[in-house]
Every structure is written in C-alpha cells, then in structure tokens.
Amino acid sequence: MIQGTYFVLGTFIVLGVITIGMLLATRSGKVTPKIRRIPALDSIEEAVGRATEMGRPVHFSPGYGEITTSTAPQTFASLDVLGYVVALTARYNTQLIVTCKSPQSFPMIQELVRESYSAAGKPDMFQEDTVRFISEAQFAWAAGVLGIFNREKVAANIMVGYFMAESLLFAEGGAQVGAIQVAGTGNLAQTAFFVAACDYTLIGEELYAGGAYLSQDTSKVGNLAGQDIVKLLTIAFIILGTILATAGSTWLVELSKM
Amino acid sequence: MKRSVPVLIVFLVGVLVLATYFIESPGLKQVGSMLNNWGVIITAFAVGLACVNIIRIHAAHIANQRTGWINSAVLLITMFLFIIVGIYSRNNPSNEGAAELFSNLFNYAYSPFSATMYAMIAFYVASASYRAFRMRSVEATLLLAAAILVMLGNAPIAEQLWNQFPVIGSWLLTVINTTGQRGIAIGVAIGGFATSLRILLGFDRGHLGIGD
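Sequence lines, in order, name chains A and B.
Quick note, the first sequence lines up with residues 607 to 864 if you use this note's numbering.
Quick note, the second sequence lines up with residues 6 to 217 if you use this note's numbering.
Treat the hints loosely; a few may be bogus.
What the hints assert, rightly or not - Here are the simulated SDA-like pairs of lysine to any residue, each with C-alpha atoms no more than 20 Å apart in a straight line:
id	chain 1	residue 1	chain 2	residue 2
1	A	K863	B	A24
2	A	K640	A	S825
3	A	K863	B	T179
4	A	K759	B	R71
5	A	K863	B	I28
6	B	K34	B	V20
It should be emphasised that the hints constitute simulated quantities derived from the structure, not laboratory data.
Quick caveat, the model's predicted, so the values are computed rather than measured.
Construct the complete structure from the given sequences, taking the supplied hints into account.
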C-alpha cells in the first residue's frame, strides 16, 4: 500500500458499501426513497413543449467534460438527462440538436440519441446533423454553438454537464435568441453564471439526481438515497472535526493523513 | 452480450487504474500506464470519427447551398489547411517555411479568434448581471444587495466613504459565500463518487445503449 492512502481507501470502502447497499435495498423494495421536487428538471418538458409550439429546435449540450477524467461523472449524469430530452422530442416531433466538444463522448452520444429515437418508434428523427461534433478547442466550440443558436433560432437550450468559461457565452447567446434555458453543472465557478442567465438551474448535486428523478429507476433512486446518508456522515465528521479542533486536538487531521 | 462485455471491460479497467492509486507495484504501474496509452489511441480514433461527422455535415450544407453555406466552406478549407500544413511541417522539420506557416496560422488566426470569444464574456457578464439583479424577487434583491456590497468592498473610493465596506465585502465572500460553496462542493463530490461507482460496477448501463 502507498503511504498516506489508508484513510482514503477506508473512506472509499465505507462510502461505497453505503451507496451500493442503499441501491440494492431500493432495488429489492426494502426501502422506497422519495425524491423532492426539482423545478429545473420539471421545466425540461415545458421547454421542449415551447419549442414544439414555436416550431423551432431544442439544443442540448453535454458540456466540456470528458469520459476519462474527473469530469466523467458529470458527463454521464448529462447523458441521463439527454435520454429524457430525446424521448420528449420524439413524442412531440421536435427537432433536436446536440453539440459535442469531446471526441471521446461524441460516438457514445450519437449512438445514445440514435437508439433512443429507435426505442421511441421514431428512427427517422435521427439525422446526420442531429448530433454535431463542433471542435475540441473550447472557444471554437463556443463560437460554433453560438452560430447554431443564431442561424437555427433554437427555442429551448438545455445545458447539463461540466462547463467552463463557455457557460456564460452559451447562456447569454441562448437568452439573446429568446430560448428558454435549463442548465446544470458541478463546476461551482460556472453555477453563478447559469443562475444569473438561465431560467432554471440545477445546483450542485441536483445534477446527479437527474437520471433518478426523470426515470424513477430504482437503482438510481437508491444510489441517490445512499448519497444522502453519506452526506449526513460527512456533516457529522465536520462537526466532530470542529469540536476536536476547538479543543486543540489534531487527532482527526492525523487520521486523515494516514 | 452487447452490454455485458463493455461493462466487464469498464469494471476491469476501472479497478486496475484505481488500484494504481493505492498499491505500490511496478507491474501494476506499468499496466496503468499501458491502459492510459490505450486511452490516448482510442481518443485519436474518436477524433477521426468526429472529423468525419464535421465533413459530412458541412459538405451537405455546401452541396445543398443552405443558409450560411459559405461558413461551412471556410470551415472545411481551414480544417484541411491546418491538417495538411501540420502534417507536412511535422514530417519535414527542415522546411522552415512550412513550420513558419503553421506557426503563423496558429498565432495570427486561431489565437486571436479564441481570445475574441473569451473577451466577449466581459460583455455577457454585464448583460447577465443586469437581468439577474433586477429586483423581481426576494432572492434577486438579496443577490443585488450582496453584489453591491462586495463591489463597494473592492472599490477604493468606497473605503474613503466608509472604512467598513471592505470588511463587510470580505465577510460576505469568506464567510457566507465560502460556506455555501463548500456545501455545494461536498454534495457534488459525493454525487460524482456515487455515480462513478454505479457505472464502474455496471448498475448503470444507460450510456451503453438499449438492448442486451
């Protein structure tokens, strides 16, 4: 074992057992967690409905994230929301445009959208330009997406995933063409921009609740309940740390360095 | 089968890469490094697929003379110019003209365009702030009040008017703002951990498509 990783491994195992334990308990029906209302996720249907009424496309962006870096969980969370958006656009016969920055996730997103349309009984709705790779360069991608907003006059702009400096460019670009905007990111620095510029925003871990909330899949709901227990443990740990630090003890700090 | 094999690959690769963080072993380190290299090769193929998508979409735009087709033409010409000059200058390092052309394309075309896009954020901050700070609700009013106090805290003239402005501004940033940010950060980290574990163990297979 590498020195200094014992505590991390212990935490990993404890938190893993809790989240997977809750997932399995929910799947077997032993517990039935309830998810609170999340207005930003409820508003997606309203956004797609509005685009349908206006006869204009819906834009979806999975963000800047990759599938092999620390941003991967946010990208996967965005795919849960994308599956729901595809199903809605299939139901309402509304054009969907998905713009990608990551070449890694692009083929996966293309297949997801193609298969979701097939599953909805509308395989013809998947066109060559439904999922578009724009550029791997951040601002070239941003410029390409802003061009699509202006040329195709999107009526709904849904941005869920990991975003960086392009977040405000997209949000303001969408606002300028009058699109209803729903956004969510785990990048704290960009959350403020989304809150300021979008109609609805997923804040923090609400991003990860999307799949569970929209699909009510028991595995995802159970996983979410596990997250809440882990959060309670974290709060207890913070309180314990505060008390110990106030009392002058460095025991917890030393423990975390093990 | 269609989804079981990818799930198994994800699990094995994930566990091996994770193990390199905890276990000191030259063999394991080598395996981790090899897997990372494979990732780079797969990404290179993915870039190729993405380029095919760009070419097909924009060639169709040009062929059908759709609105803005000239932009598609510029895009394709620029893309091929960069690829050809880049590959040529890489394979012919003695040709200084090619290297200079590639460098000029990057420094005098790509970089200024990127900087222009980045600079636009400053204007967008102003327009987004205007919309966010309109006092339409209690939350927006609180946001406006907090923003004014933080701005006054950072403006030298405000300190001349009342020396407590910097103290209040700093307190809002370091106490109220940091507390909220850390709470959100902890939630995001736990959510990321739980999502990763669910994917690693194959409980979540939605991204692998429909059907087994």
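Indices of hints not satisfied (ascending)
Hint 3 alone not satisfied by this model.
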